[in-house]
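First to last, the sequence lines map onto chains B and C.
Just so we're aligned: the first sequence equals residues 1 to 259 in the numbering used here.
Just so we're aligned: the second sequence equals residues 1 to 91 in the numbering used here.
It should be emphasised that the hints constitute simulated quantities derived from the structure, not laboratory data.
Mixed in with the good hints, there may be bad ones.
What the hints assert, rightly or not - When the alpha-carbon atoms are kept at most 27 Å apart in a straight line, the in silico BS3-like pairs for lysine-lysine are as follows:
hint, chain 1, residue 1, chain 2, residue 2
1, C, Lys71, B, Lys176
2, C, Lys87, B, Lys134
3, B, Lys59, B, Lys169
4, C, Lys75, C, Lys27
5, C, Lys75, B, Lys126
6, B, Lys64, C, Lys66
7, B, Lys76, C, Lys15
8, C, Lys75, C, Lys87
9, C, Lys87, B, Lys126
10, B, Lys176, C, Lys87
11, B, Lys248, B, Lys176
12, B, Lys171, C, Lys27
13, C, Lys87, B, Lys169
14, B, Lys72, B, Lys59
15, C, Lys66, B, Lys248
16, B, Lys126, C, Lys15
17, C, Lys15, B, Lys169
18, B, Lys169, C, Lys66
19, B, Lys134, C, Lys15
20, C, Lys27, C, Lys87
21, C, Lys27, B, Lys176
22, C, Lys15, B, Lys171
Unchecked claim - Some chain B residues judged to face chain C by a derived CB distance under 7 Å, without partners named:
hint, residue
23, Ala143
24, Val158
25, Ala164
26, Lys197
27, Ile198
28, Gln206
29, His211
30, Val214
Stated by the list, open to error - If you anchor each label on the Cβ, the simulated ranges turn out as follows:
hint, chain 1, residue 1, chain 2, residue 2, range
31, B, Asn148, C, Glu83, 17 to 25 Å
32, C, Met59, B, Phe189, 42 to 50 Å
33, C, Glu83, B, Thr124, 17 to 25 Å
34, C, Lys87, B, Asn148, 18 to 26 Å
35, C, Glu31, B, Asn148, 14 to 22 Å
36, B, His142, C, His41, 50 to 58 Å
37, B, Ala233, C, Asp60, 39 to 47 Å
38, B, Gly86, C, Leu69, 54 to 62 Å
39, C, Arg38, B, Asp236, 35 to 43 Å
40, B, Thr107, C, Gln62, 34 to 42 Å
Ideal Cβ placement from N, Cα and C applies to all residues, glycine included.
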Amino acid sequence: MLLPLLLRGCTAKHYIQQALSSTRLCVNCCNIRGLATSSVQLFLRRTPQRFLNQSRGAKTHKRKQSQEDDWKKKNKTVLTYIAAAGVGMIGMSYAAVPLYRLYCQATGLGGTAVAGHGTEQVETMKPIRERIIKVTFNADTHASMQWNFRPQQSEIYVVPGETALAFYKAKNPTGKPVIGISTYNVVPFDAGQYFNKIQCFCFEEQRLNPHEEVDMPVFFYIDPEFDEDPRMARVDNIILSYTFFEAKEGQQLPIPGYI
Amino acid sequence: MNFGTKTFRPRAPDKGAFPLDHFGECKSFKEIYMRCLRDNHFDNSCCRIESKEYLECRMDRQLMAKEPLEKLGFKDLEDSTEENETKYNLG
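Only chain B is shown next, with the shape it has when bound in the complex (with noise of 0.2 Å):
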């Protein structure tokens, strides 16, 4: 009986399986003939479960299963590194915003106000007398505003790192009392990075009482890097402009500038 399954070619198990069943069919007939060995009947007891349960193929599939496992745990872990990094790229675009405006405070970028520019520079700065740049003076009101603004010195020739002072005047025509709030412009873009004012009387509110006219100082300096600067080599004239809208009581307007 065991010939013709030599002839297919069974594996190893398959033998033990075959030869399991046929030492069961040689204990039937045993029992048949009434012999039921006990070395047999031992036999079978000591053959593992995993001999008698395993069918043909079994090997293979459990292969391709640990490889679909492994599959899973790498597709897995890829997709958290993916999630991770999805993660970390939108947490950079929140965070570039403060980093991106420290750098252009620290390195001027873009006309942003230099930190740390401050009072000690007032101090310490040294006039440069060969440069002599003309500042303009503008004056401008909003149309529904009825002051009459106007400045009190159409230029004057300063050199940077000096302080300069100058003279606006406002007033009130009419019978009631008008707020007004300024704000200021400086031209050429680039230079207004160089003008700076210590005190002046924008962007707060300036009240003005029924027929009164006021002095309006703006005490300003240009910074001494100005002379440095190859951008500003041919800018000789700087024109600063000032603009008065009416504000409304108790208006909060916030101020410029990154406080």
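Since the structure of chain B is already known, use the hints to place chain C on it.
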């Protein structure tokens, strides 16, 4: 609107805003300063003493925060007055 063009960024003044001189207390100092400017063809360097006096007037009348004049860029004027005083005292 062009996002690439450079825009002007207004900055708040270092020491804030001047309180308004409603009663014209320092108007005379201002007039002296303006006359000096007109006489000197609007050259700021010639009229620094007058501008210093205007600011001192403001400080005396509570129209400006009191500060040592060196911090306002008048260090050279302060030094020269000190030198003159010492010369006067010695001489």
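Check your understanding: Hint by hint, which ones does the structure fall short of?
Key -> 1, 2, 3, 6, 7, 10, 13, 15, 20, 23, 29, 31, 32, 34, 36 and 39
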